[in-house]
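Chemist: Sequence:
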Amino acid sequence: MRCGSNTSSSYKTDYKYGLIWLAISIPLCAGIWIESGTREAIFGSIPLLIGVTYLISGKYRLREPE
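Here the sequence shown is numbered in our numbering, starting from 50 and rising by one per residue.
Rather than coming from a laboratory, the hints here were simulated on the basis of the structure. No residue lacks a Cβ here, since even glycine has one placed at the ideal position from N, Cα and C. Do not take every clue at face value.
[Said to hold, decoys possible] Just the calculated beta-carbon pair ranges, DEER-fashion:
hint : residue 1 : residue 2 : range
1    : K61       : G86       : 35 to 43 Å
2    : E84       : R112      : 35 to 43 Å
3    : L68       : R88       : 21 to 29 Å
4    : I99       : S59       : 17 to 25 Å
5    : R112      : I75       : 23 to 31 Å
6    : Y109      : G86       : 15 to 23 Å
7    : R110      : A72       : 14 to 22 Å
8    : K108      : I75       : 13 to 21 Å
Please take these sequences and the hints and turn them into a complete structure.
Modeler: Here's what the structure looks like:
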């Protein structure tokens, strides 16, 4: 019986999560940069780095044998 939590993920879900994080973080980071400058844009780049990490994770999961 499964409890609803899926502990194993595939490279497709990592790519999907990475693209979602990037789609949210790029406008966020650009908006913060335009309004406040580069010093505050560092905080907006945190979700950007999370998205890139998911994409890299998906790339390395693609190489693993299933």
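Chemist: Would you mind marking each hint as holding or not holding in the structure?
Modeler: Here is what the structure says about each hint:
1. K61 x G86: 35 to 43 Å: Taking Cβ atoms as reference, K61 and G86 lie about 38 Å apart, which means the hint holds.
2. E84 x R112: 35 to 43 Å: holds (40 Å)
3. L68 x R88: 21 to 29 Å: With a Cβ separation near 28 Å, L68 and R88 satisfy 21 to 29 Å, so the hint holds.
4. I99 x S59: 17 to 25 Å: Check passed, 19 Å falls within 17 to 25 Å.
5. R112 x I75: 23 to 31 Å: holds (27 Å)
6. Y109 x G86: 15 to 23 Å: Distance hint for Y109, G86 is violated at roughly 35 Å.
7. R110 x A72: 14 to 22 Å: holds (21 Å)
8. K108 x I75: 13 to 21 Å: holds (19 Å)
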